[in-house]
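These protein sequence lines map, in sequence, to chains F and W. Note that this note's numbering has the first sequence beginning at 85, numbered continuously upward. Note that this note's numbering has the second sequence beginning at 4, numbered continuously upward.
Quick caveat, the hints were computed from the structure, so don't treat them as lab data. If a hint is listed, it holds; no wrong ones were tucked in.
Simulated coverage check for chain W against chain F, where a stretch passes if three residues somewhere in it have a Cβ under 8 Å from a Cβ of chain F: (1) 50-56; (2) 104-113.
Label pairs and their calculated CB-CB ranges: (3) W:Lys6 with F:Ile161: 25 to 31 Å; (4) F:Lys97 with W:Gly65: 39 to 45 Å; (5) W:Lys116 with F:Ser149: 41 to 47 Å; (6) F:Glu156 with W:Thr10: 36 to 42 Å; (7) F:Arg182 with W:Ile49: 17 to 23 Å.
Even glycine gets a Cβ: it sits at the ideal position worked out from N, Cα and C.
Listed below, chain by chain, are the residues.
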Amino acid sequence: DVKVTQSSRYLVKRTGEKVFLECVQDMDHENMFWYRQDPGLGLRLIYFSYDVKMKEKGDIPEGYSVSREKKERFSLILESASTNQTSMYLCASSLSGRLYNEQFFGPGTRLTVL
Amino acid sequence: AQKITQTQPGMFVQEKEAVTLDCTYDTSDPSYGLFWYKQPSSGEMIFLIYQGSYDQQNATEGRYSLNFQKARKSANLVISASQLGDSAMYFCAMREDSNYQLIWGAGTKLIIKP
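For reference, chain W alone in the conformation it holds in the complex (with noise of 0.2 Å):
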C-alpha cells in the first residue's frame, strides 16, 4: 500500500499568489517525521521544512509552512507569495522512527506563471 501519496502530478499557479501541495500519508507507528523537498530543473535536491508527529505547532520555514493534520495523516505545503525560482518538483516525505529509510511520494510538478 502507497505510504506516501501527493495526488497532484502537475499544477500551474500564478505568480504572488500562494500555492498548497498536497501530502497524505500512512503509518501505524506513533512516531515520526515528515520532509518536503524541492527538485529544481538542475536536479540536485533541497531540504525545505520538517514536521515531526509530535510537534505542537506547525511547521514554518521563511515562505513555507506546513499545514499538519495529524487526524487525517495529511501534511500539506504551504508556498506565500509564489515566486518563478519555486517552479520545480516538490517532493513529500516521511520517516518512521522504527526505521532508517525515507519512503517517498511521486512528487508534484509545480509551474509559476508570470
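One chain only, chain F, in its complex shape (with noise of 0.2 Å):
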C-alpha cells in the first residue's frame, strides 16, 4: 500500500522560533512536493523537488525552505516562524513522466504560531 507519512498532525510553535515538517515516502517517486491549504483558496504550492537536491519555488515560497538530502525524504522549514503561517500543511509525491501520474498526499500538519 503506498504511503506518504508525515512527521506531525498537529505542532504548536512560537513566533520566531525554526520549524522543521518533515515527509517520508515509500514509493520510490521523484517527485515532492509541499502545499499549504486554507479556507476558501485550495491548495497553494510552496516548494517542490523533482530529484535528490533539485528544488523548485511553488507559487508562495517566502518564508520557507526545503531540503531533499534523499529520494524518500522532503522536509519543509519556517526559517522563523510566523502568526500568519498558521495553516494545514499537505506534503504529497507522484512518478515523474506521465501526465495522468496522481500526487498521493500525506494525512497533513496542522500548524498553529502564537
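Make one complex out of these two single chains by using the hints.
Below, the structure is given as C-alpha cells:
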C-alpha cells in the first residue's frame, strides 16, 4: 500500500521559532511537493522537488525553505515562524513522466504559530 | 487569472441522489490533465478520477464519472447514488504538460443529507 507520512499531525510553535516539517514516501517517487491549505484558497504550492537535491519554488515560497537529501524524504523549514504561517501543510509525491500520474498525499500537519 | 474555477462553495444533496460538482479551467496548452480529489474531515486528500485532454471518452471510476466538455473547458464530477460517506471537500485540479505543478480550485464542500 502506498504511503506518504508526515512527522506530526498537530504542531504548536512560537513566533520566531525555527520549524521543521518532515515528509517521507515509500513509493520511490521522483517528485515531492509541499502545499499549504487555507479555507477558500485551495492548495497553494510552496516548493517542489523533482530529484534529490533539486528544488523549485512554487507560488508562495517566501518564508520557507526545503531540503531533499534523500529520495524518500522532503523537509519543509520555516526559518522564523510567523502567525501568518498558521495553516494546514500537506506533503505529496508522484512519479515523474506521465501526465496522468496522480499525486499521493500525506495526512497533513496542522501548524499553529502563537 | 484563475485557471481552475469551482463555482459552488457548498452543496447539500439528499442521500441516494446524483450530484454534479462543477469545474471550469483555463489553459492554452493543448496537452493537459484534469484531476478530482476528495478531502474528508480527517484531512487526507484522496485521488478520485483523471481525465486527459486527448482522451476520447469521459473517465469513469465506480460511482464517479467525469463530464468532460473540452470546447466549454469544463470537467464536472458526477457522483451517482450519493452516500453519507461522500460528505467531504472536493477539489478539481489541472496539470499542464509543460509543468510539474498541479493547479487547484478552491474546492466545493459537499454535505449528504440522510
